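Participant: Which chain is which? The protein sequence lines are A and B, in order. Mapping of the first sequence onto the working numbering: position 244 corresponds to residue 244, and the numbering continues sequentially without gaps. Mapping of the second sequence onto the working numbering: position 176 corresponds to residue 176, and the numbering continues sequentially without gaps.
Any given hint could be a false lead.
Here are the simulated DMTMM-like pairs of lysine to aspartate or glutamate, each with C-alpha atoms no more than 20 Å apart in a straight line [claimed, not checked]:
id	chain 1	residue 1	chain 2	residue 2
1	A	K411	A	D132
2	B	K65	A	D418
3	A	K411	A	E422
4	A	K411	A	E432
5	B	K65	A	D425
6	A	K61	A	E110
7	A	K179	A	E155
8	A	K179	B	D146
9	B	K65	A	E422
10	B	K200	B	E59
11	B	K65	A	E415
12	A	K102	A	D418
13	A	K411	A	D164
14	A	K179	A	D205
15	A	K179	A	D242
16	A	K277	A	D363
17	B	K65	A	D410
18	A	K61	A	D363
Facing chain B, according to a computed beta carbon distance under 10 Å, are these residues of chain A, among others [said to hold, decoys possible]:
id	residue
19	T93
20	G99
21	T101
22	Y105
23	E401
No wet-lab data here; the hints were simulated from the structure. Computed from a predicted structure; not experimentally measured. Just so it is clear, CB atoms sit at the ideal spot from N, CA and C, and this is done for glycine as well.
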Amino acid sequence: MNKTTLGALAVSTILSPMAAMAQTEVQFWHAFTGRLGELVAAQVEEFNAGQSDYVVVQSHKGNYSETLNAGIAAFRAGEQPHILMVFEVGTATMMSAQGATKPVYQVMAESGAEFDPSAYIGAVKGYYTTTDGDMLSLPFNSSTPVLWVNRNAFEAAGVDPDTDLSTWQNVGETLEALKAGGSECPLVTAWQSWIHLENFSAYHDVPFASQDNGFAGLDTELMLNGEAQVAHLTAMGEWAADGKFVYTGRRNEGGANFRAGECALFTESSAGYAGIKAEAEFDFDVRPLPYWEGVGSGPQNTIIGGASLWVMEGHEAAEYAGVGEFLAFLSSTDVQAQWHQDTGYLPITAAAGEATAAAGFYDENVGTDVAVIQMTANEPTANSKGLRLGSFDQIRGIIDEELEAIWAGDKTAQEAMDSAKERGDALLRRFEQANG
Amino acid sequence: MEKRVTFKGWMLPLLLIAPQVVISAVFFFYPAGQAIWQSLFIPDPFGLSMQYVGLGNFEFLLSDKFYRASFVTTAIFSILVTLCSMIPALFLAVLADRLIKGSGVYRTLLIWPYAVAPAIAGVLWLFMFNTRVGVVSWYLGNLGYDWNHVLNGGEAMGLVVVASAWGRISYNFLFFFAALQAVPKSVIEAAAIDGARFWKRFWTIVLPLLSPTTFFLLVVNIVYAFFETFGVIHTITAGGPQQTTTILVYKVFSDGFVGQDLGSSSAQSVILLIVVGLLTVIQFKFIEKRVHY
């Protein structure tokens with residue numbers, strides 16, 4: 001850092017509180033860096049420029065876990081921001097923190113800002129809404145898993161890239177053909193628990209956990225060792241043993257393999273679009289996530305991943321009015337449509353989706369609407385509304401460990417999921433005890 | 001009569017030890033006390049409520065077979081890190097000690113890795129052994145060995161041990177090198193005149209004379225392996241595959257800061273504190289007897 005920037009920093013640090021004196025300041029903590037960070041900053045700037053009563057100050061606080069931790073630590077110190085971005089996994093933690101958070105529906109009612117709960121897409125808002133229909137946090141960035149196809153890899157292995165891949169039965173046969181055709185990486189995945197267990201369960205309309213996946217109460221137990229899940233993981237385990245499914249890690253490490261053109265199929269979030277489009281030097285397709293024909297009543301709808309915005313307790317009414325205005329701004333059709341098109345995240349309102357379609361975006365960028373269709377094809381059921389489990393970040397860690405045991409051939413799918421249930425339930429009981 | 005320097009009055013000695021007492025109180029006694037206190041509760045993450053559970057957190061932990069397994073993992077990890085950081089350091093120190101010219105350059109180069117923070121060291125090693133783009137894994141692949149620490153627990157353990165030990169080699173090297181320089185030349189020369197070869201001299205004279213340093217490094221390295229290696233684990237394996245690299249201190253971090261389970265995390269810190277305390281007592285009681293000052 002040179003002297004000029006240091007000087008500029010010093011000046012801006014001195015000046016910013018003065019500038020804020022005139023306007024009500026709203027603190028917004030988020031977890032975005034890079035391109036997404038720029039887009040958030042642009043949204044905030046547009047809001048600040050559009051009115052003169054409030055000024056939103058956005059700051060980056062690390063990755064999802066770190067941002068949540070920063071928010072919690074700040075609350076304990078009485079320095080909490082007004083708006084905190086929390087990933088979907090932290091939803092139950094935030095919900096249980098009554099007295100630390102202020103539900104969004106209340107904020108909107110008190111601030112008098114424009115707010116119509118029915119404008120939001122059911123499958124998106126459902127994750128963050130109580131069973132009574134009250135919206136607790138505002139969905140911000142939401143995505144859902146889809147199947148990415150490397151058409152060139154198919155051709156290289158002598159397989160027709162237009163093969164029907166809508167069911168796992170078909171995918172299984174295709175993997176066999178790809179392998180026979182010399183592909184060294186027929187299938188790779190990102191976020192294994194999210195895609196192959198959480199979304200798998202919702203998509204086949206089978207429960208992931210009791211009590212409506214945790215929506216109906218804290219006394220929930222995992223049900224991921226059900227017949228449908230075990231059958232799917234058994235098939236995946238066999239594919240792993242045969243070298244048809246390549247395991248690359250717990251997060252989205254597999255994205256690098258797919259973008260480099262090494263892998264033929266990739267199950268990953270729809271938000272992988274920007275990265276794949278930028279890097280892939282091959283023709284690719286987006287297909288709906290496959291389902292098992294004859295299992296459950298699939299395809300139901302998939303669920304979301306991503307983050308929502310929570311409003312923290314302990315601020316002045318005037319500041320909450322500003323929060324309300326900002327959240328209304330974020331939900332407005334133009335802002336949402338732009339966000340959806342820039343990032344590949346799902347639109348949070350139906351109007352934003354329609355505006356995107358009307359602008360011809362889906363026609364120009366084939367496949368970008370697959371996720372939206374897959375999410376909204378059916379009205380969500382109790383099994384496909386989302387997940388609301390305490391200590392879920394840790395439970396995902398347990399699931400990751402047990403899945404690795406399947407991929408390594410150390411455990412059968414049934415043994416691994418039974419163990420995951422037992423270990424996960426112990427954490428759920430602890431969470432119930434802490435928050436009951 | 002024994003000669004002692006004594007202070008007149010209390011003020012000056014108190015003033016002189018005050019900084020150390022204050023630092024220990026603020027950075028050790030206060031947090032340790034907090035950890036012991038919190039280990040008796042299940043608090044919610046936001047500090048809105050706390051439930052007294054007595055020894056419930058300890059019961060929960062010790063009845064968890066994965067937590068018990070993590071003791072074994074930690075023992076293996078710590079022993080390997082200590083050996084892998086001390087033996088090469090001693091070897092390099094002996095070599096550098098025998099150099100007549102240019103030992104300063106070697107010394108400087110060998111000390112460099114110590115300046116690298118554990119998390120960054122973790123990333124560096126991860127790059128070399130990355131299953132897709134790693135240089136080392138690529139060469140291993142050419143030799144017909146399929147490196148995959150993402151699924152192979154033994155390889156993952158090997159990788160975190162090497163990454164943790166690497167920077168410590170420099171630290172240990174410094175101490176061994178200084179100790180070697182302090183070995184009286186006259187003793188060695190006398191042995192040489194009596195016909196003792198290099199290895200004979202090393203085993204019977206040099207190594208015993210190094211024992212105070214070796215003992216000190218043993219204690220310090222075990223403490224390092226127990227407490228300071230979580231950055232390496234976090235960046236390379238995050239405790240996986242399965243739980244093969246989940247050492248105790250990593251579990252404290254992940255349960256506390258990822259899982260928001262502060263009660264369990266505090267109880268784990270207390271257990272860790274007791275374990276390391278016991279280990280240090282054992283080391284001083286049994287191993288120190290064999291140390292010649």
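Participant: Give a verdict on every hint.
Facilitator: Evaluation of the provided hints:
1. Distance hint between K411 (chain A) and D132 (chain A) is unfulfilled; the C-alpha atoms sit about 41 Å from each other, more than 20 Å.
2. Between the alpha carbons of K65 (chain B) and D418 (chain A) the distance comes to roughly 15 Å, so the proposed pair stays at or under 20 Å and holds.
3. At most 20 Å may separate the alpha-carbon atoms for a hinted pair to count; K411 (chain A) and E422 (chain A) meet this at roughly 15 Å.
4. Only pairs whose Cα atoms come within 20 Å are accepted, and K411 (chain A) paired with E432 (chain A) is rejected, the gap being roughly 30 Å.
5. Only pairs whose Cα atoms come within 20 Å are accepted, and K65 (chain B) paired with D425 (chain A) is accepted, the gap being roughly 15 Å.
6. Only pairs whose Cα atoms come within 20 Å are accepted, and K61 (chain A) paired with E110 (chain A) is rejected, the gap being roughly 28 Å.
7. A hinted pair counts as satisfied when its Cα atoms are at most 20 Å apart, and K179 (chain A) with E155 (chain A) qualifies at roughly 12 Å.
8. The straight-line distance between the Cα atoms of K179 (chain A) and D146 (chain B) is roughly 18 Å, inside the 20 Å bound, and the hint therefore holds.
9. With a C-alpha separation of about 12 Å, the suggested pair K65 (chain B) and E422 (chain A) falls inside the 20 Å cut-off, and the hint holds.
10. Pair hint K200 (chain B) plus E59 (chain B) does not hold up; C-alpha atoms about 53 Å apart against a cutoff of 20 Å.
11. Between K65 (chain B) and E415 (chain A), the direct Cα distance comes to roughly 16 Å. Compliance with the 20 Å bound is thereby established for this hinted pair.
12. Using a Cα cut-off of 20 Å, the hinted pair K102 (chain A) and D418 (chain A) is violated, with the two alpha carbons roughly 37 Å apart.
13. Between the alpha carbons of K411 (chain A) and D164 (chain A) the distance comes to roughly 32 Å, so the proposed pair goes past 20 Å and is violated.
14. Between K179 (chain A) and D205 (chain A), the direct Cα distance comes to roughly 31 Å. Violation of the 20 Å bound is thereby established for this hinted pair.
15. Proximity of K179 (chain A) to D242 (chain A) is assessed by CA-CA distance (about 9 Å); at most 20 Å being required, the pair is judged to hold.
16. Only pairs whose Cα atoms come within 20 Å are accepted, and K277 (chain A) paired with D363 (chain A) is accepted, the gap being roughly 15 Å.
17. Annotation: proposed proximity of K65 (chain B) to D410 (chain A) holds, straight-line Cα distance about 17 Å (limit 20 Å).
18. At roughly 37 Å between alpha-carbon atoms, K61 (chain A) and D363 (chain A) are farther apart than 20 Å, so this suggested pair is violated.
19. Interface restraint check for T93 (chain A): the shortest CB-CB distance to chain B comes to about 6 Å, inside 10 Å, so the restraint holds.
20. Of the supplied interface hints, the one on G99 (chain A) holds, with its beta-carbon coming within about 5 Å of a beta-carbon of chain B, less than 10 Å.
21. Residue-level restraint check for T101 (chain A) holds (minimum Cβ-Cβ distance to chain B is 9 Å; threshold 10 Å).
22. Of the supplied interface hints, the one on Y105 (chain A) is violated, with its beta-carbon coming no nearer than about 21 Å to a beta-carbon of chain B, more than 10 Å.
23. A least Cβ separation of about 5 Å between E401 (chain A) and chain B falls short of the 10 Å threshold, and the interface hint therefore holds.
Hint compliance for this structure: hints 1, 4, 6, 10, 12, 13, 14, 18, 22 are not met, and every other hint is.
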